[in-house]
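Given chain A's structure and the hints, the job is docking chain B onto it.
Chain residues, written in single-letter form:
Protein chains: 2
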Amino acid sequence: MLDALFKPKSVAIVGASNNPFSIGHIVMQNLIDHDFKGPIFPVNPKSKYIKSFKAYPSVSAIPDEVDLVNISIKNTIVPAVLEDCGQKGVKFAIVHTAGFKEVGEEGLVLEKQIVEIAHKYGMRIYGPNSQGIQNSDPEVSVYANFTFVPMSPGNISIVAQSGGVGETLKLHLYRIGLGIRMYSSFGNEADVSMNEIIDYYGQDEETKAIMAHIETLKDPAGFLEVASRVTQKKPILALKSGKTSEGVKAVASHTGSMIEQDTLADAIFEKAGVLRFHTQEEMIEAAAAFTNQPVPPGDRVCIVTNTGGPAIIAVDECIAAGLNLAELSPQTKDTLKQLVFQEAIVSNPVDVVATAGPEQYGGTVEALFDDPNIDSLLLVFVTAPFVDCEGIARKLGELGKTSPKPIVCQVITIEKWQEVIRLIRESGIPVYDFAEAAAKSLSAMTRYGAILRKGTPIYVEKKGECDKDKAGRILGNFSGKDMFLPQPDVFDILDSYGIPFVKTVKIKEKSELEPAAEKIGFPVVLKVDAKEIVHKTDSGGVKLNIKDITALLSEFEKMVEKFRVHKPNFILQKYEKDGKEVIIGAKKQSGIEPMIMFGLGGVFVETLKDVQFRLAPLTEDQAVEMMHSIKGYPILEGTRGEKGVDFNALVDILIRFSQLVLDFPEIDEFDLNPVLAFENRAVVVDARIKIKG
Amino acid sequence: MLDALFKPKSVAIVGASNNPFSIGHIVMQNLIDHDFKGPIFPVNPKSKYIKSFKAYPSVSAIPDEVDLVNISIKNTIVPAVLEDCGQKGVKFAIVHTAGFKEVGEEGLVLEKQIVEIAHKYGMRIYGPNSQGIQNSDPEVSVYANFTFVPMSPGNISIVAQSGGVGETLKLHLYRIGLGIRMYSSFGNEADVSMNEIIDYYGQDEETKAIMAHIETLKDPAGFLEVASRVTQKKPILALKSGKTSEGVKAVASHTGSMIEQDTLADAIFEKAGVLRFHTQEEMIEAAAAFTNQPVPPGDRVCIVTNTGGPAIIAVDECIAAGLNLAELSPQTKDTLKQLVFQEAIVSNPVDVVATAGPEQYGGTVEALFDDPNIDSLLLVFVTAPFVDCEGIARKLGELGKTSPKPIVCQVITIEKWQEVIRLIRESGIPVYDFAEAAAKSLSAMTRYGAILRKGTPIYVEKKGECDKDKAGRILGNFSGKDMFLPQPDVFDILDSYGIPFVKTVKIKEKSELEPAAEKIGFPVVLKVDAKEIVHKTDSGGVKLNIKDITALLSEFEKMVEKFRVHKPNFILQKYEKDGKEVIIGAKKQSGIEPMIMFGLGGVFVETLKDVQFRLAPLTEDQAVEMMHSIKGYPILEGTRGEKGVDFNALVDILIRFSQLVLDFPEIDEFDLNPVLAFENRAVVVDARIKIKG
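Line by line, the protein sequences are chains A and B.
Just so you know, we're using this note's numbering here: the first sequence kicks off at 255 and counts up by one.
Just so you know, we're using this note's numbering here: the second sequence kicks off at 255 and counts up by one.
Please keep in mind that the hints were generated in silico from the structure rather than gathered at the bench.
Accuracy of the hints is not assured; some may be wrong.
Since copy identity is lost for identical chains, a pair holds within one copy or between any two.
Distance condition first, Cα-Cα at most 16 Å in a straight line; then the derived EDC-like pairs of lysine to aspartate or glutamate [as the list claims (entries may be wrong)]:
#	residue 1	residue 2
1	503	581
2	885	864
3	841	923
4	816	783
If we strip away everything but chain A, and leave its shape as in the complex, we get (with noise of 0.2 Å):
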């Protein structure tokens, strides 16, 4: 419960100073600008008086309660000040001070102190190394932070790890004309989460879209948790720093955190319903679209402009942002003949020219809504300046209010039609300055509404038909090892969970070739299986399409020969081909679900990277959206005439592997490699199990 942190009664600063560019000082005088509403305590033992304020020696000594200090003082003087605060039951400190976690191993020891002398007395640490809070919420108000972009009330809430990514947002909002709810920039995290921060917007009324800058997930699986609760509300837009190796790495260096994979972050966002973008700006633009629209019941969208030029340019962008262009109703088309002028294009973009006054744009815009066919619109405006300009502006004010469908609007005009940008933006139609952001922000909603109309998935275990038991019997032969499981193991495992595997027998003697070659059939391959043969097919351990008895009794042989030191075992199986190569491999990930991977074979991981990942468990519905997703995906549906595999096959081995693979936390890496496609089935014809002690 974050209410005395985002609205706090009372507000004490420690450092406050009467020296402007001290952080006290600059925090102090955010409150009294935002007309803070409750009473603001400066602490500074050598001042009496601080810009007027009775200023107190210490926390201790100011006569009312206290929910939050604000702290700017020298790091090691940090514990003692939050003793005096946890003997006055202050409930919030904001550490702003630096010189914590990410200075080093004292800086550590540090963060952890504070930390424990907080919660001896039910206190909560923000930060340290934090920038702070704002609330604009009219009964609270507060700006308990040292930045500078002026506060006003909106429904858009920002929490940013990085305080200058966070400045960045509120700048850009407040440039065009937005307020924010709440805003949250951590620091260290040290004890107030990010995920606390999501958690609490996300119960918040007046927050209708949540804005996050991450570099770093502190804790990947609470976020997961919290964002796919939050998601189902209202929309989390996400921009996550380090998206490159150098990236990476600089976030590794600026928040003292582990390296971590931009893919996890992917597979994350893409579980919880969370929005990622690759730009601030973009982000920021579509967060302008959530405050006030519907969100799209589909993809189809209407492009209404009066200058041609610009809607080609939103055309290309809706299609590659992946929309779809309306194809308007004949009746709908009908309406519009009779309304437009004769030089007007009654097609998607429809194309009122820029003659065009109120009735013709404005009608234009109303005969749309009642379109079954459309679910969005996107209307160019160009401010010409031979017509009503403003008569058109008022008219789609008017519509806007009202609309049953979400509309964004691009408006070319300037500041003497400042006015139409007004009226527009009144009626809560986002106004941009460029077709792409208009389209783009429109993608935005729309992919919104598809995660909302997937809802919360419901994932469904296999249970009578995966012998759990079965598998942990095999896998507690090796528990505590860090190793790679024996191959007839891991067949045994594959096949207790109903994964269908190549027929496959062990064999230890000679004897056995004759019997268990009849079982399979020929053509067969015969591979060597002892622990120290990592690499079978480069030692030679692996002889491929043995075609009768003869040769395979020969090729047996031999590989006694070969392998006599390491006394091992052999396994015999069908030898398979012309089936499509797939991979499905698992990486056991810290403090979250395994990772699940699925790509085709060969080539196509290696150089192409052509592969997707996602977190387990899977539903039906998520494993056929990843197979999907592949660039190659076609060629499992078939080119040139061929007939495609059997997707069905391949979803159960998926939904089998990433329950295994969750039931079993000792399972390290798990690789299917490869799993051979066929119209009709799909088979793993080898398989690796690292398993981790």
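For chain B alone, coordinates are given in the frame of chain A:
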């Protein structure tokens, strides 16, 4: 020579009126408001005075010389007005009036008529259906355009096929405080062409960068020629609409032009050294960087920041945009360590921390000037309220004026520190709101640096080695026909240009098989060859991997029997395998050199569309670069320890191939599919030539 258009000594306005919503009125007002340096002559037979100016009943009634006329009267009256203008000796007529080519056949006739009238008098038409021109040169200051963005002097010139897009570009430059040099939105391009305008901008000393918005290239060869020349002097930044097939359709319906592939535009831009952008905003922001900064000598950027998070975003964006992070020299590191605070991070990014003052921040930038490992600087600067921000800006401004290296800057600030932005911008350093914009703009400058260093490509014909006469004789046998050439002729043509192909022998009689097979060596391929059999493989006319003479004779019999009615010839070829499959293709283009395609065979071309297109001819460097540009390039280089293919052999084939298609315009389509590339050679296995009479 477009001087009388962009630097008119006098302007007449046909259609001028006192109605403030008329185009004529608006153009006149724009000329007046921007203080045009010559006389303005309103023409309107119904008014004696317009806006206090004496009005004339016709252009010929004007007592002085008239360079330029703006016409905004009804389309059907335009011819008569032009006759009058011609007789008067007018040099250019800007026809704003719509209702020409863009409305269909009737309009096209009218459009042709007005050009004829103009040319009869040595007059030129600009438009019709055009917005107009502007030139901010203080000695001219002409705003002969009906748009609304105020004009101020600058050194970016704009040419925009869409007036709406052109206005958006002007508008955003205006918003970020940049002026323009010249502006032009040319409408239907009936006479004065975009290429002429770009050429004119290229010759204008004060134009430092050109921005072009293109929907369709009316004269692609002309564009290539002009742009190739201009980009050696100044950058051309281009935005091309119609990136998606939906966008292409919208362009076609907007401009009435043919449907055009986006790949052709890419190939033309690549060849001409034009920088393509994918959003209006990115193009404008890059243009801002080009106006005052030197071109980077290389791709190694150093980032300096006083706030961590935004710098990480800059890292990600720089890397994603193809830049590299510079490795600071040991000497630079020593210098910086003396200079900055202890908490600062002396690495790349250099984080001088938020408490850095002018000495630390400015000193750091100055120290980096001398580091030979650094080609460019990207600064991130937040105006921390507790330091002397104006002092830092002043220092950066001083450094910017004399910087030997290009600098771009993100400033995170607000109104009260606008002086900070002013000081930095004044020095020529572009200031951006977002790190992403700074990084992308720097990347564009770096790309342009590489274009300049490459210089004008020199195409060397493989003269002695290519027997043009022989190829010409073969093609001459089919002159005037539309058809696929017979297989043996295709191979003879390859031979004449020194393009290696698998050993091939024409077979008419059974008796020729044995000696031919002996010459070639088994295994061989037998193919049927008859004009009527186009899909040889599908109809059973190809037998691969024939291993001995008995099999060959038997397959021959079968094929003779099968195709008896066609009385076919046959081809015997060496059966090659295990090479890497490559496809090389060519397609004739209307109005420009043929496009050459390169890609990996099979699914890489068909499903993953991993192909590159370039215009013929190719230099060796261009051929190498083209191969490098496919995503599957590492496959050709060799994966998993295998050796790479013979790139020299592929380059040689590409160059001979492009020369061949260029030498013979009757070749409509030409495919080498597949070419097999081996470790030490590459050979064409199959080829197809389609000619068009």
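Each hint tested on the structure:
1. 503 <-> 581: Between copies only: 14 Å across, 48 Å inside.
2. 885 <-> 864: Both. Shortest intra-copy (6 Å) and inter-copy (11 Å) distances satisfy the 16 Å Cα cut-off.
3. 841 <-> 923: Classified as within: same-chain Cα gap 5 Å, cross-chain 49 Å, threshold 16 Å.
4. 816 <-> 783: within (13 Å within a copy, 52 Å between copies)
Comparing the model with each earlier hint shows no violations; every hint is respected.
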